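*Asks:* These protein sequence lines are chains A and B, in that order.
Numbering-wise, my numbering puts 368 at position 368 of the first sequence, and it's gapless, one number per residue.
Numbering-wise, my numbering puts 193 at position 193 of the second sequence, and it's gapless, one number per residue.
Calculated from the structure, these hints are not laboratory results.
Since the structure is predicted, the reported quantities are computational estimates derived from the model, not experimental observations.
Possibly wrong hints are sitting among the right ones.
A pair holds if it fits inside one copy or across any two, identical chains being indistinguishable in the list.
What the hints assert, rightly or not - Cross-link-like lysine to any residue pairs, in silico, SDA-like; alpha carbons within 25 Å at most: (1) Lys283 / Tyr249; (2) Lys283 / His151; (3) Lys283 / Arg166; (4) Lys283 / Gly25; (5) Lys283 / Pro202; (6) Lys283 / Arg16; (7) Lys283 / Glu171.
2 protein chains.
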Amino acid sequence: MPLSYPRSAALFDRARRVIPGGIYGHVTPAATVPGALPSYAEAGHGARYRDLDGHEFIDFMCGYGPLLLGYHHPEVEAAADTARARGTCFNHPTSLMVELAEALVARIDFADWAVFAKNGSDLTTWAVQVAREATGRRKVLKARGAYHGTHAWCSPGHGGLIAEDRAHVHEFLWNDVASLEALFAGLAGDVAAVIVTPFHHPAYADSVLPTPEFVAAVNRLCAAHGVLLVLDDVRCFPRLHVGGSHRAYGWRPDLAVYCKALGNGHPIAACAGRGDYQVAASKVFLTGSYWNDPVPMAAALKVLEISARDAVPEVLARAGQRFVAGFLALGQKHGIPLVASGPPAMPYVRVAEDPGFQRMQELCAAVAREGVYLHPHHNWFLGTAHTDAEIDEALSRIDRALASLG
Amino acid sequence: MPLSYPRSAALFDRARRVIPGGIYGHVTPAATVPGALPSYAEAGHGARYRDLDGHEFIDFMCGYGPLLLGYHHPEVEAAADTARARGTCFNHPTSLMVELAEALVARIDFADWAVFAKNGSDLTTWAVQVAREATGRRKVLKARGAYHGTHAWCSPGHGGLIAEDRAHVHEFLWNDVASLEALFAGLAGDVAAVIVTPFHHPAYADSVLPTPEFVAAVNRLCAAHGVLLVLDDVRCFPRLHVGGSHRAYGWRPDLAVYCKALGNGHPIAACAGRGDYQVAASKVFLTGSYWNDPVPMAAALKVLEISARDAVPEVLARAGQRFVAGFLALGQKHGIPLVASGPPAMPYVRVAEDPGFQRMQELCAAVAREGVYLHPHHNWFLGTAHTDAEIDEALSRIDRALASLG
């Protein structure tokens with residue numbers, strides 16, 4: 001008995017008339033399973049949300065990352081409320097901007113300074129510009145398949161782009177030292193930045209942790225050539241390490257970008273950097289209409305505090321391990337071969353030998369019918385609202401779902 | 001007796017250590033008068049805010065535009081609270097996204113659809129990409145001195161930019177039909193978009209309304225050459241016309257971008273467009289971590305409702321007229337020749353024959369000492385919190401300030 005989405009279908013019909021594509025971006029229904037998975041949210045609390053048609057899901061996407069501490073975390077919301085009571089979009093920053101920069105500098109070992117924006121892409125792009133300003137060079141090296149945002153130099157789309165947008169962007173292969181060395185050799189003297197995610201988390205493909213040899217080579221090549229290493233920690237921070245995800249794998253970044261979970265849903269992005277690049281950073285124009293709003297900064301300060309105090313990365317590693325191991329065991333029980341990759345706090349799970357994702361899509365649809373939301377082609381996100389009880393409840397629902405797949 | 005800012009100075013010393021430039025972007029103290037005007041906000045209410053050192057100002061910048069209805073507008077905050085109680089950063093949009101798109105389509109005469117983001121620059125840039133996608137052409141024409149955001153193609157800065165960023169951006173002179181015609185002739189067949197602000201509002205220069213001949217020429221040239229006219233209504237909407245600022249001057253846009261005041265400080269930007277370009281728009285990738293958050297959408301719906309219900313543009317035109325006329329009269333009384341330009345709801349006022357802005361900076365410093373915040377090089381913003389009583393109180397403070405300048 002498939003879930004029925006009459007209210008969502010009616011709303012999507014209205015949406016298609018007044019919004020190109022109806023629902024756009026990474027959350028387009030076409031990116032999941034049209035008609036089988038929810039399209040509109042109605043309300044959320046803790047680890048669960050309800051869609052427009054009244055189905056409740058235990059949620060393993062956390063808003064694609066932001067909801068590190070679950071919907072409506074009382075301490076984060078109280079901090080945001082305190083700031084909001086004073087006012088939002090001032091002519092100037094407030095002291096919270098300085099406090100948040102100081103908190104990041106204290107937390108991130110290599111960082112001497114920080115700046116703030118609204119989107120991860122605002123600051124991955126700005127970091128590349130800082131690298132160009134600092135080096136006087138043009139080239140940016142990124143891993144094939146890595147997502148770094150929506151700006152033209154890195155957008156995963158093709159529409160509206162022109163050749164100049166990527167004239168100086170070159171791709172190496174993840175964990176392939178030779179491909180990176182070849183780029184350095186071929187572009188000698190014109191490489192400004194290498195940008196990496198802490199581990200490789202492409203959509204529609206397994207996650208790949210970096211090999212120690214690859215990390216060492218990236219660190220070594222950047223240092224040897226005076227190239228800035230930019231860590232795109234937008235998706236991971238602080239799920240892997242409260243000191244920044246470079247600590248989990250040994251990266252030695254010059255600049256790192258944080259976003260998504262930094263404000264537990266309140267809109268904020270940050271770039272932190274080494275003191276060597278503070279002057280160059282001050283020369284690259286950076287601003288936005290709402291960027292001085294202290295409310296997300298208050299939320300981010302509280303998220304940083306809670307993440308360390310409650311050992312959130314360790315909690316999520318255990319929760320993810322419990323969930324992924326339980327899930328794989330259920331696959332075995334029901335004769336569905338599953339493959340898991342990536343760190344347990346951000347696992348990527350798929351059905352084996354399923355290149356078109358059809359079986360994984362059927363699995364996610366079946367799981368949704370039992371009240372668990374999983375994405376068929378994108379890594380999932382654990383949060384602290386995934387208590388043992390929530391995970392065990394989710395696994396028992398998944399058990400029923402897999403049984404129904406036969 | 002100049003204002004003293006000991007707490008702000010101490011905080012700025014901390015800030016300079018951990019933030020490049022200490023305070024960056026359009027709100028850097030260097031953009032106003034270092035040491036004479038406030039640098040950090042503490043709290044705001046209605047038309048007034050208090051800085052970190054406890055000085056209270058009647059505020060004529062409104063956060064550089066967003067605070068159309070003043071700080072803490074009760075109806076807007078109630079709408080935001082209702083949405084926030086349900087949850088923020090979901091895996092999907094909510095029905096509020098569709099309702100907001102429908103509200104914009106109903107309000108904006110040429111618009112058949114809308115999309116949403118977080119910064120004005122997100123969508124001026126996306127609109128240019130939609131124009132490129134729709135036309136298969138590359139060139140963008142903009143007015144010299146016009147600000148359209150921080151993306152590399154339009155940033156007012158120079159740091160970190162490379163030649164390719166602006167390879168296909170060409171500038172005409174505002175109100176100069178011949179300069180625009182020359183670009184069209186020289187770039188024949190490769191122009192994708194012309195982007196204009198409703199009126200010309202450069203920083204450090206008088207505002208200039210468009211001549212009817214210029215508007216007619218832009219409309220005609222775009223139509224004749226199949227070029228998309230993009231209206232950057234980020235700064236103006238809805239201060240000049242609740243139906244979009246093109247209505248105030250006769251522009252015929254294909255795409256228009258709104259931001260700043262759209263959510264009365266809640267972070268949201270919108271692009272609305274003609275149906276002819278809906279397919280092209282659906283092909284240009286657009287997304288962000290926090291873009292489905294319903295809270296700013298609830299705020300924007302309420303702002304649109306209030307703007308029409310309360311005839312906000314008319315109210316602000318009257319308030320601006322009262323303020324600017326009163327200000328100019330005070331200049332005459334005290335022998336300080338003042339020049340005003342731009343629409344009264346967003347006036348730009350300066351001292352005559354003051355090319356280095358020294359007298360205007362002294363004037364703003366003197367006015368700040370009496371508790372009124374004015375910017376010496378940027379247009380100001382009226383809001384509905386500027387009641388007659390607030391304006392008259394501001395004028396009486398300015399009277400004292402100008403008397404002190406002698």
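*Asks:* Could you run down the list of hints and mark each one as holding or not?
*Replies:* Hints, one by one, checked against the model:
Proximity of lysine 283 to tyrosine 249 under the C-alpha cut-off of 25 Å is found in neither arrangement, the shortest distances being 31 Å within a copy and 37 Å between copies. In the homo-oligomer, the alpha carbons of lysine 283 and histidine 151 lie at most 25 Å apart both inside one protomer (20 Å) and across protomers (15 Å), since each shortest distance falls under that limit. Within a single copy, lysine 283 and arginine 166 get their C-alpha atoms as close as 23 Å, and across copies as close as 18 Å, so both meet the 25 Å cut-off. In this assembly of identical chains, the alpha carbons of lysine 283 and glycine 25 lie at most 25 Å apart only when taken from different copies (10 Å versus 32 Å within one copy).
Proximity of lysine 283 and proline 202 under a CA criterion of 25 Å is satisfied inter-copy only: 21 Å between copies versus 32 Å inside one chain copy. When the C-alpha separation of lysine 283 and arginine 16 is checked against a cutoff of 25 Å, the pair qualifies only between copies, where the shortest distance is 14 Å, while the shortest distance within a copy is 43 Å. Only between protomers do lysine 283 and glutamate 171 lie at most 25 Å apart by alpha-carbon distance; the minimum there is 24 Å, versus 27 Å within a single protomer.
The earlier numbered hint that this structure contradicts is number 1, and it is the only one.
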